[in-house]
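Number of protein chains: 2
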Amino acid sequence: MNLNRIIFGNPLKTENIISERYSKTKALAVFFSDVLSSISYATDEILLALGLMFAHSFSMPVAGAIVGLIFVVSVSYWQSIEAYPDGGGAFTVVHENLGEFLGLITASALLIDYTLTVAVSLSVGARAVVSAFPSFAEHSVSFCMVSLLIITVSNLRGAKASSRLLTVPTYGFILVAFGMIIVGLGKSVPESNVIPECGVTEASNLLIIVVLLRAFAYGCSVLTGIEAIAGGVSSFHKPQYKNARVTLVVMFCILVFLFLGLTFVADKFHLVFLENESVISQMSHQLFGRGFFYYLIQLMTVFILLIAANSAFSGFPRLASILAEKKYIPTSFANLGDRLAYSNGIVMLALVSMVLILIFESDSFSLITLYSLGVFSSFTLSQAGMVKYWIRMRGKNWHIKVALNAFGSLATLVTLLVIIQSNFLNGAWIILLLVPIFFSVFLKINRRYQVTNVELDLKRGGLGKFLKPMGETKPKVVVPISRMHKGTLAALRFASSLSDDVVAVIVNVDQREVDKLKLAWRSMNFAIPLMILSSPYRSVVNPFLDFLSELDERDPEKGKTIVIMPSFVPGQFWQNILHNQTATILKTALFYRKQTSEETRVIVEIPYQMKK
Amino acid sequence: MNLNRIIFGNPLKTENIISERYSKTKALAVFFSDVLSSISYATDEILLALGLMFAHSFSMPVAGAIVGLIFVVSVSYWQSIEAYPDGGGAFTVVHENLGEFLGLITASALLIDYTLTVAVSLSVGARAVVSAFPSFAEHSVSFCMVSLLIITVSNLRGAKASSRLLTVPTYGFILVAFGMIIVGLGKSVPESNVIPECGVTEASNLLIIVVLLRAFAYGCSVLTGIEAIAGGVSSFHKPQYKNARVTLVVMFCILVFLFLGLTFVADKFHLVFLENESVISQMSHQLFGRGFFYYLIQLMTVFILLIAANSAFSGFPRLASILAEKKYIPTSFANLGDRLAYSNGIVMLALVSMVLILIFESDSFSLITLYSLGVFSSFTLSQAGMVKYWIRMRGKNWHIKVALNAFGSLATLVTLLVIIQSNFLNGAWIILLLVPIFFSVFLKINRRYQVTNVELDLKRGGLGKFLKPMGETKPKVVVPISRMHKGTLAALRFASSLSDDVVAVIVNVDQREVDKLKLAWRSMNFAIPLMILSSPYRSVVNPFLDFLSELDERDPEKGKTIVIMPSFVPGQFWQNILHNQTATILKTALFYRKQTSEETRVIVEIPYQMKK
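Protein chains in written order, with the working numbering: chain A, 971 to 1582; chain B, 971 to 1582.
Looking at chain A on its own, in the form it has when it is part of the complex (with noise of 0.2 angstroms):
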């Protein structure tokens, strides 16, 4: 209990739920870790897929086609800003505009995509840390470990006080790019760096269309949480849509820079993709050798990668949350715990990251695909529910609105077909098999609350039966015993005093505890009868249920028969292995085994506490 409190914190009183208001500055800084974290990765990604051949001839018209999406996804999120001032996430837009049905593939999408930001921004961290230091590499999934422990245990505490810590990190690291970006551009290249000599010429249209595409698919993994900010416009300052904008424009200045300055400084520096080293990496070395400023620029990727990573632990447990009112998941992904956190969509997200982290061995570049996949789904999918609703509005130059977004939701879908082409061997079919198991297990759940409410809801009737006080007449009670001891005895007095037609019963599969059983009975002399059932199969469970149909359908004016347990709690849990286990499937039974009759079974249990 007490090491509970030293690591989670003493609980939180419900009234000390806040909700946070962010400046512009601040703003910026919680919303924009995720996508730029995402900058530490992209270029890597457009260079794997060009491979040697092409990586100087297209990694800048590949960037530029990115931006240009960039652009469109930037501007038509920059308009719906405006539609939901609340901050509805991908999901509301998509559930409240095109229904359940693409409302939950949306869902699914982004919970999958939560947590592939976990374990993709873990991975690309370690190989950040690998970068500096190549013998490191063994360590990498514990490091992914380490760190996700700290951001659940940080989570479960409930970090209110993060968004502060945030901006260090975040203004650091874009601080630090600009600094990379701007040497680069002035230093003049080393003669070593030799350009790869074989060129476009040598190969054919198609090989270069296939291979173009793939890298434009990879790139897009910079798009990776450009949507945050309009799915927390009730996070700023008032005017509330107006300061989201301002952000929303400085972050698309800020993000295309970055992007195409790295890109553009690799380019001009022939960096190729290595497997154990980041293009970051590599850029900073050649700028600044191993120094200081080389390891502040590591030390800096690795804090906006952790930091992208925690912001899934607050996106996931939120959207579970929403779920799980709307009675899409179980409903206890809406406790709050102690310290009002969704604990358990924390731990769940925490959990499915860690298996994804141990499956990939912190492979960056196989989770980085089946990242984008999902991402660019719910784009797909918001930008087209903002579609319909502008349809549904026709408010001002709702013409222009439709279309944006249109355009938006039709460039999103490409580049999603896109990925799903370049892909589709490489793990994108886990998600597009995932995606709609996940789909059919909200609505199977969802439908089963609603069975359930209907079944126990008042207003449909039949309800006379349990409004009728019970008779005078003393019901049937029975006490199914094993052995004498002190909880049986409890079990008998509180049956006596129930009714006087009480029976015990002990179902023989062992004749020597029967035996025992006899003696003690007729020794303490009691008033109750005894019935020992025969037990040919030594099971327990089908004699007494027997025997209890049986009294069930005698006198049936006294009810149904009630049952009295007698059972004892051993003084540790553990002991409950030794003990009780026929009592326990005993009472299984008598929760599941159908009943004849619509009345319900009163089973009474009385537990005896061992001191030891």
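Some hints here could point you the wrong way.
Note that identical chains are pooled: a pair holds if it fits in a single copy or bridges any two copies.
What the hints assert, rightly or not - Computed cross-link-like contacts, PhoX-like style, restricted to lysine-lysine with a CA-CA straight-line distance of at most 25 angstroms: (1) 1564 to 1446; (2) 1486 to 1297; (3) 1528 to 1446; (4) 1557 to 1444; (5) 1414 to 1212; (6) 1581 to 1429; (7) 1212 to 994; (8) 1528 to 1564; (9) 996 to 1581; (10) 1208 to 1366; (11) 1530 to 1557; (12) 1444 to 1528; (13) 1488 to 1366; (14) 1564 to 1414; (15) 1557 to 1581; (16) 1414 to 1238; (17) 1296 to 1366; (18) 1297 to 1429; (19) 1530 to 983; (20) 1429 to 1486.
If you are wondering where the hints come from, they were derived from the structure by calculation, not from laboratory data.
Bear in mind that the values here come from a model prediction, so they are computed numbers and not experimental data.
With chain A held as given, fit chain B onto it using these hints.
Showing chain B alone in chain A's frame:
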């Protein structure tokens, strides 16, 4: 349910238990498989330990020394048979004569050994298949798993007809092994078999001693299973102990002939240890080529190993049931399953062997190392137990009997020390660690059962409270409610029938739910008052339990407050994940929260069964 019946068969009545009795021929087949199977790997073990350098010079001397040990152990068992005609296994002998401490040590060693019998036999079986079909190597773990599954299921079915089935492969193996040895003795060695020329002269005396001891220790694995007859005297036809003795002598002769013969022929043909081909496979290949006889011999080897694995499936559950009867392990291990087999023990053995095979990746040689250690511990202890027995009994010639068993015990003890010395770092430490852990778990469980017995014992008095009938005063009743449904109504109805001092309670963790309930309450016009408990920390359990203690203290003459818990049972079990979380937590708290007074609380459950 039907699938269950097809796989495991229909339940059997208790009266169908039969104790099979064996003729000498059958008994040999039943008890011989374990020790016989070890012939198929013992020579490999000796050659492995000797290495290329010493194989030719020392394999026969080492085998000779081991035969000496077999003789000593057999004589020792030969006379134990007389003492325990009911077939006391090593555990019974040690427990009765040397007390609980050494008895439990023996039991631990035996349980570990049974598990290793399964793992070793299946792994060596896989190696025999690989010897014949080298490309099968990657499937050897799967081979073990499938065999394990078949053996487990057949034992859960209660394979009573098995003794007849066993005679064919057991005698078959003996026959083909005899045949191979005879042919091997007759055939001359082809000149192509090169004798490794490096020899003893180059090695230091110390090295030779170390190597010889290790070869002796490895080869001693041939003794595993030799105790089976002594433990099964009760299954012989009368006169039991005479028939058992005759069988033991026959077994001794066959064992020694086969072991010495195989080792001699292996030496004659200059066979060496090969990672992927057993000595038997090499030998039969040399003698018969890859023809019918070759494959017949491999097949028989696999069969005898499977039967040896199967034999552990009767030994382990039987020992477990004895330990459970004596309350050293949970009593459920003494329960006979549907098919009159000790199902729990069988499943436990299957699971642990499975884990062992997976951990060691069916590497038989690492497993055999662990194996002999346990075997020789139980040899040593049971012989020592016999010494004590004869001293206590002082029958005819007791001095001689003491001397023989003491010598047997000493010889096996020395062997045990050699085994530990040669294998300590190879894995013997695992066993040396496991045995005391098992031992202390057994003891802890036993003491726990004793404490329970004492505390529940009626003879210890303090029963007045339990026997005094409950007064005429109606008890206090509380009904915790979270929402209104038919189950709640049933609970309230039963509460009213019990007493007129009833209060319904809701813990306020969600104001909306409270408001809904209040509304329902007013519209139903209940006579029962509704209390709303505030819960600043969103816990349901604590405010409710506090309220309960408060109620308990009011009107103490009315006794402890009765808690009536409405609950509903979903149509399918998995749906519990959607409901009932709070009810389950609350009930657990009611059971396990320490009570201040000794009086037992009555807890009533009224499960409303949903139809869908």
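Right, here's what the structure says about each hint:
1. Proximity of residue 1564 and residue 1446 under a CA criterion of 25 angstroms is satisfied intra-copy only: 20 angstroms inside one chain copy versus 32 angstroms between copies.
2. Proximity of residue 1486 to residue 1297 under the C-alpha cut-off of 25 angstroms is restricted to the inter-copy arrangement: shortest distance 18 angstroms between copies versus 53 angstroms within a copy.
3. Taking the shortest alpha-carbon separations for residue 1528 and residue 1446, both the intra-copy value of 7 angstroms and the inter-copy value of 24 angstroms come in at or below 25 angstroms.
4. For the homomeric pair residue 1557 and residue 1444, the shortest alpha-carbon distance inside one copy (23 angstroms) is at most 25 angstroms, but the shortest distance between copies (27 angstroms) is not.
5. With identical chains, the CA atoms of residue 1414 and residue 1212 are never at most 25 angstroms apart, being 41 angstroms at best within one copy and 69 angstroms at best between copies.
6. Taking the shortest Cα distances, residue 1581 and residue 1429 sit within 25 angstroms of each other only across copies (17 angstroms), while inside one copy they are farther apart (47 angstroms).
7. In this homomeric assembly, residue 1212 and residue 994 come within 25 angstroms of each other (Cα to Cα) only inside a single copy, at 10 angstroms, whereas the closest approach across copies is 97 angstroms.
8. Taking the shortest Cα distances, residue 1528 and residue 1564 sit within 25 angstroms of each other inside one copy (20 angstroms), while across copies they are farther apart (36 angstroms).
9. In this assembly of identical chains, residue 996 and residue 1581 lie within 25 angstroms of each other by CA distance neither inside one copy nor across copies; the values are 57 angstroms within and 54 angstroms between.
10. For the homomeric pair residue 1208 and residue 1366, the shortest alpha-carbon distance inside one copy (22 angstroms) is at most 25 angstroms, but the shortest distance between copies (106 angstroms) is not.
11. Taking identical chains as interchangeable, the C-alpha atoms of residue 1530 and residue 1557 lie at most 25 angstroms apart whether they share a chain (16 angstroms) or sit on different chains (23 angstroms).
12. Taking identical chains as interchangeable, the C-alpha atoms of residue 1444 and residue 1528 lie at most 25 angstroms apart whether they share a chain (7 angstroms) or sit on different chains (20 angstroms).
13. For the homomeric pair residue 1488 and residue 1366, neither the shortest alpha-carbon distance inside one copy (89 angstroms) nor that between copies (46 angstroms) is at most 25 angstroms.
14. In the homo-oligomer, the alpha carbons of residue 1564 and residue 1414 lie at most 25 angstroms apart inside one protomer (23 angstroms), although the nearest pairing across protomers, at 40 angstroms, exceeds that limit.
15. Taking the closest pair of Cα atoms, residue 1557 and residue 1581 come within 25 angstroms of each other both inside a single copy (24 angstroms) and across two copies (19 angstroms).
16. Taking the shortest Cα distances, residue 1414 and residue 1238 never come within 25 angstroms of each other, neither inside one copy (55 angstroms) nor across copies (72 angstroms).
17. For the homomeric pair residue 1296 and residue 1366, neither the shortest alpha-carbon distance inside one copy (32 angstroms) nor that between copies (86 angstroms) is at most 25 angstroms.
18. In the homo-oligomer, the alpha carbons of residue 1297 and residue 1429 lie at most 25 angstroms apart inside one protomer (21 angstroms), although the nearest pairing across protomers, at 55 angstroms, exceeds that limit.
19. When the C-alpha separation of residue 1530 and residue 983 is checked against a cutoff of 25 angstroms, the pair qualifies neither within a copy, at 45 angstroms, nor between copies, at 31 angstroms.
20. Taking the shortest Cα distances, residue 1429 and residue 1486 sit within 25 angstroms of each other only across copies (14 angstroms), while inside one copy they are farther apart (53 angstroms).
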